[in-house]
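Whole structure, please, built from the sequences with the hints as guidance.
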Amino acid sequence: MVDAGEAAHGEADFLDTLGAGAVLDAGCGTGRLAIELAHRGREVVGVDLDVDMVDRARRKAPQIDWHVADLATVQLGRTFPIVVMAGNILLFCKPEDRGAIVANLSHHLEPGGRLVAGFSLDAQGYPVERYDELCAAAGLVLEARYATWERAPFAGGDGAGADGAGGDYAVSIHRQP
Numbered sequence: 556m557v558d559a560g561e562a563a564h565g566e567a568d569f570l571d572t573l574g575a576g577a578v579l580d581a582g583c584g585t586g587r588l589a590i591e592l593a594h595r596g597r598e599v600v601g602v603d604l605d606v607d608m609v610d611r612a613r614r615k616a617p618q619i620d621w622h623v624a625d626l627a628t629v630q631l632g633r634t635f636p637i638v639v640m641a642g643n644i645l646l647f648c649k650p651e652d653r654g655a656i657v658a659n660l661s662h663h664l665e666p667g668g669r670l671v672a673g674f675s676l677d678a679q680g681y682p683v684e685r686y687d688e689l690c691a692a693a694g695l696v697l698e699a700r701y702a703t704w705e706r707a708p709f710a711g712g713d714g715a716g717a718d719g720a721g722g723d724y725a726v727s728i729h730r731q732p
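Here the working numbering is used: position 84 in the sequence shown is 639, and no number is missing along the way.
Hints are computed from structural coordinates only; laboratory data are not their basis.
Cβ atoms here follow ideal geometry from the backbone N, Cα and C, with glycine treated the same way.
Careful, some of the hints might be misleading.
What the hints assert, rightly or not - Here are the simulated distance ranges between beta carbons: (1) A692 with K615: 33 to 39 Å; (2) Q618 with P708: 33 to 39 Å; (3) D568 with R611: 22 to 28 Å; (4) A692 with A624: 33 to 39 Å; (5) G711 with G596: 32 to 38 Å; (6) G596 with A624: 31 to 37 Å.
Okay, structure coming up:
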């Protein structure tokens, strides 16, 4: 599980190393990460398109600011030092919407803020190079990339991680200049 970037609280531990401040959990689902971050004392805003998932999250943690909205168009009227898309969020979105999502989330970053995304890599799926292109088009600069939320070194992304020939997961940090 850890090797796939899926440690129980690996994302929260990772985000804790990036400094203090509010976090926008983009694609929050039922609130697993947002709730953990709130337990650690963070202010968290969660956004997801699935009303049922957000309702479940709201029941579990009514103190968190939850929104049912499209990541490509949501306007929260504020910025954050950290925006996170954990758990393959971008891969669940329509390919034609991914650029708009990254661009919109970049507008929710304060100057110097970080967009952190973790997703599985697949030789037939979504390469990190394409994600980097979307981030660059949104004005973001790659700061670091890891193979897991525990910061294992990233050796490449050909989806062949099981046999050691390449990575099968990437955690990328892009910064707003």
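Cross-check of the supplied hints:
Evaluation of the 33 to 39 Å hint for A692 and K615 yields a pass: the beta carbon distance comes to about 36 Å. Between Q618 and P708 the C-beta distance comes to about 37 Å, which sits within the given range of 33 to 39 Å. Roughly 24 Å separates the CB atoms of D568 and R611, a value that falls within the hinted 22 to 28 Å. About 22 Å separates the C-beta atoms of A692 and A624, a value inconsistent with the hinted range of 33 to 39 Å.
For G711 and G596, the hinted distance range of 32 to 38 Å is satisfied, since their beta carbons lie about 36 Å from each other. Judged by the Cβ atoms, the range 31 to 37 Å given for G596 and A624 is violated: they are separated by roughly 25 Å.
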